[in-house]
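Asks: Chain by chain, the residues run as shown.
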Amino acid sequence: AQRVTQPEKLLSVFKGAPVELKCNYSYSGSPELFWYVQYSRQRLQLLLRHISRESIKGFTADLNKGETSFHLKKPFAQEEDSAMYYCALLRSGGGADGLTFGKGTHLIIQP
Amino acid sequence: NAGVTQTPKFQVLKTGQSMTLQCAQDMNHNSMYWYRQDPGMGLRLIYYSASEGTTDKGEVPNGYNVSRLNKREFSLRLESAAPSQTSVYFCASSVYQAFFGQGTRLTVV
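Sequence order for the protein chains is U and L.
Heads up: take any position in the first sequence, counting from 1, add 1432, and you land on this note's numbering.
Heads up: take any position in the second sequence, counting from 1, add 157, and you land on this note's numbering.
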């Protein structure tokens, strides 16, 4: 079975500092990886997905198959980045039981 | 485009009461999910449904039942609410990317 691990429950950085939210996964096939964000008292929404290789709100994430990681990075944190971030994996072939979320990292950006 | 709609947004129950959380999606997705979100615990999967008429247990199914009424609707029922079920509940649907409802904040006193 697939697994997603986010080792940090809480990450606090100062405004303007670099941010890296860690995500590791275990899956023997070729997964799709996603980052979701949840701002205070709002619904979760997709931030970015590895397949599109895009930068959203200054965030990027690179899939490293050798290290089975999909860390989320931003060079200069902003206060509006404070939120819960969830890493998710969709196994090849999909299916309802193919979607797995990590436990989330609460990112706090201090002024 | 409504996406995923949950009702109600807020609910307070007394211990032992029952209630049903409703969820509907208009994106023609086969897969639907119910999660609970608790501080420090992240998202935990309660039940999921791969298609109309099928449901499966997730990580924390005890105390809950679900019904996949049709392709659009997936309801979550608490038969006898307990204080441990105080949480924020999210419904989601997906075919690739997951779409979430706005959440139901449930308090059991």
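A couple of the hints might just be wrong.
What the hints assert, rightly or not - With a straight-line cut-off of 30 Å between C-alpha atoms, the simulated DSS-like cross-links for lysine-lysine are:
1. U:1454 / U:1505
2. U:1441 / L:228
3. L:166 / U:1489
4. L:166 / U:1535
Don't read these hints as lab results, they were simulated from the structure.
Predicted model, so just to flag it, every value in this text is computed and none were measured.
Asks: All hints are to be evaluated individually against the structure, with a verdict given for each.
Replies: Do the hints match the structure? See the list:
For the suggested pair residue 1454 of chain U and residue 1505 of chain U, the alpha carbons sit about 9 Å apart, so the restraint of at most 30 Å is met. The hinted pair formed by residue 1441 of chain U and residue 228 of chain L fails the criterion: a straight-line CA distance of about 35 Å is larger than 30 Å. Note on residue 166 of chain L and residue 1489 of chain U: the hinted pairing holds, with a Cα-Cα distance of about 28 Å set against a maximum of 30 Å. Our distance criterion of 30 Å between C-alpha atoms is met by residue 166 of chain L and residue 1535 of chain U, whose separation comes to about 23 Å.
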